[in-house]
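Peer 1: In full-length UniProt numbering, the protein residues as written are 1 to 162.
Any given hint could turn out to be false.
[To be verified] Pair by pair, the computed Cβ-Cβ distance ranges are:
1. L127 x Q69: 26 to 36 Å
2. G135 x E27: 52 to 62 Å
3. V7 x I122: 34 to 44 Å
4. G156 x S6: 40 to 50 Å
5. V149 x G11: 21 to 31 Å
Calculated directly from the structure, the hints in this document are not laboratory data. From a predicted model like this one, the values you see are computed outputs, not experimental measurements. We put the CB at the ideal spot given by N, CA and C, even for glycine.
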Amino acid sequence: MSEEPSVLEEGDIHDILRNDRRRAVIEFLLEHNERATIRELSEHIAALESGEDPPPRNIRQSVYVSLHQTHLPKLEGLGVVSYDTDSKDVELRERAGHVEAYMDQTHETSDRFPLVYVAIGILGALLTIGSFVAGSVAELWIWVLPLFVIIAALGGYQLWGR
Numbered sequence: 001m002s003e004e005p006s007v008l009e010e011g012d013i014h015d016i017l018r019n020d021r022r023r024a025v026i027e028f029l030l031e032h033n034e035r036a037t038i039r040e041l042s043e044h045i046a047a048l049e050s051g052e053d054p055p056p057r058n059i060r061q062s063v064y065v066s067l068h069q070t071h072l073p074k075l076e077g078l079g080v081v082s083y084d085t086d087s088k089d090v091e092l093r094e095r096a097g098h099v100e101a102y103m104d105q106t107h108e109t110s111d112r113f114p115l116v117y118v119a120i121g122i123l124g125a126l127l128t129i130g131s132f133v134a135g136s137v138a139e140l141w142i143w144v145l146p147l148f149v150i151i152a153a154l155g156g157y158q159l160w161g162r
């Protein structure tokens, strides 16, 4: 019998994160002491998907079946969770940390860069205006100021326009 590799392949991680239900399973387990029953998971995911609490029975049942037949076996096969089909208990395993690192990185990257764009744009615009007022920049401000305003606007759009 071969031993599990210690690190998940990047393609496997992307495959996990590409599916909303698999991602929701990992997020729920991380927030709830790394273990839950399939019923708790299906209730939570069905509520997310339907926007209703409690979720409709048919949606809850659909989520339950897809978790039981598809998503939990896949996550277990990749060593991310252990799933006991008899007790219906699901628990995170060590490899979940590899997926979590990508989840954190995705959130940080998507939230951090628009703030940086806004800050650079505002700082650049203020410096340009300050140089113009002080008389140290000839006609450069005509080109530079709009550039910084555009950078700030794009960052603001990314940050608040979602």
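Peer 1: Run every hint past the structure and note whether it holds.
Peer 2: Against the structure, the hints come out as follows:
no.: 1; hint: L127 x Q69: 26 to 36 Å; result: violated (59 Å)
no.: 2; hint: G135 x E27: 52 to 62 Å; result: holds (56 Å)
no.: 3; hint: V7 x I122: 34 to 44 Å; result: holds (41 Å)
no.: 4; hint: G156 x S6: 40 to 50 Å; result: holds (42 Å)
no.: 5; hint: V149 x G11: 21 to 31 Å; result: violated (41 Å)
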